[in-house]
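Sequence order for the protein chains is V and A.
The numbering of the first sequence is the numbering used here, which starts it at 1 and goes up by one.
The numbering of the second sequence is the numbering used here, which starts it at 1 and goes up by one.
Calculated directly from the structure, the hints in this document are not laboratory data.
In silico DSSO-like pairs for lysine-lysine, Cα to Cα no more than 30 angstroms straight-line:
{"no.": "1", "chain 1": "V", "residue 1": "176", "chain 2": "V", "residue 2": "17"}
{"no.": "2", "chain 1": "A", "residue 1": "104", "chain 2": "V", "residue 2": "82"}
{"no.": "3", "chain 1": "A", "residue 1": "254", "chain 2": "V", "residue 2": "82"}
{"no.": "4", "chain 1": "A", "residue 1": "158", "chain 2": "V", "residue 2": "17"}
{"no.": "5", "chain 1": "V", "residue 1": "176", "chain 2": "A", "residue 2": "104"}
{"no.": "6", "chain 1": "V", "residue 1": "168", "chain 2": "V", "residue 2": "82"}
Chain residues, written in single-letter form:
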Amino acid sequence: MGFLDTLLGRTKPVPPKLDDLFALPSAAITLEAGTGFKPTGSGSVCFRPVEGRSFADVQKEVQELLDMSAGDEGGLPVEVTKDSYNFTWLVSSHMSDQLDALVTDLHAVNSSLVDAGFGPQLLCTLVAFRDDSERRLALVYLYKRGTFYPFAPQDGERRDNALELQVKGVIGDDLKWEPDLARWFPVWGAPGL
Amino acid sequence: MAARTRYAPDRGLTARMTATMFLLGLVFVGFVAAIIGIGAATHASDAVIVLFAVVLAGGFAIGSLFYSDKIALRTAGAVEVSPQQAPELHGIVDRVCALADMSKPRIAIARSPLPNAFATGRNADKAVLCVTTGLMDRLTPAELEGVIAHEMSHVAHKDVQVMTIASFLAIVAALLIRFSFYGELFGGGGRGRGGNNNGGALPIFLIIMGVSIVVYAVSFLLIRMLSRYRELAADRSGALLTGQPSELKSALIKVSQGINRIPTRDLRAAEPLNAFFFAPAAHLTGGKSLSSIFSTHPSLERRLAELDKVQQQLNQGR
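So here's chain V without its partners, still in its complex pose (with noise of 0.2 angstroms):
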């Protein structure tokens, strides 16, 4: 922000950087090289939604896209769910060796709501992993950094956060990490993860 913004006051939304959200696919393969982690098949994207009846024919529109391409698939229709924090959540799942479709997916949604002016309400999107052990593992990707880093949930809102570590020293430099460990905030009870 600049200077004479911010002496008059005047934040500007901050837009969202998608193009590094095709990363995921090739570093999902060098994760389950690297751990065992495998895709679950399911992603999802996190919006703060706008109140009003533009953004909410904008989204309808986003469901309606992606229940056409996943019929045409044969894949499941996407479930939309709103979260406690008042979010909403469009989960899309796909086979597990769809990696690729998801990922389009999830970006569908993006381009969708930036068209049609919403970019800056785009949170988070999650990609779900899953060992053999059942361990849970998420991708989180941050819209407005462009970052990515690992959230491992375990039961009663605890993260592992040597699995999380292990998981972003494997994949590497395959993906953009978010450098600021603080910022790797925590989505419990994510739906799709």
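Starting from the known structure of chain V, fit chain A onto it as the hints suggest.
Same frame as chain V, but now just chain A:
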């Protein structure tokens, strides 16, 4: 571009804020010119006093800037809380920060029935966000988020720095009023003995005092005006950030009703922090026009009307 129009800045507000800051600058320049003029017309002993006032005021300003977080937390009786102690609150702040791409502030809770919130600290990394238990009890999570987005906008706009710098002039003027008062009492005779031929001219201290009083009064009003504009700007940015102006409106209404119900003893205790509060604790009972000039916060009606504009802006068609 749709994206650009939907989140366009409010030109009217920007213009009014610019005008206010320009006037403050003008007062400052006029003040300095007057002091230099007085200094040139007389002797160095007066200039030393002015310099002393400026240095002391600078010290106050820097001190209050550096210790703003500690002072505010102490005054409010607030305690910092960890994510384990207040998971809900941290969750809301996490999300607001991620939406706004800001670093997360420290979070504190003050035990007070007064529903209020404030953010302080000299920069975004040192910021502290404080909410009262009264606020958390009264508001729904969505309304609380609106209030937090408002406070985070204050942090993003660097309001603590801006208001401290804006108040600097008023502190200098206030100090000079005091100094020249004592100078007149004790210093007058001394200068006569020193042989400075001020002749029969008006005592210099009286002139400095007069100028300072005018400067203090004018800058005080301008600072209050600036503070009100910055509140409106924070309301606006906060509502744009969450996309829910109505939740903020509803929070504002609840909070102002709540404040009217609170007994005065609590209000006086909360007085020094008012400029950084979400809603001011003091409720002036005097004439409406007068109270709106002196108030640090805009009236509830004004804030609601501005939020209506945000609402329309967000909901406009493509």
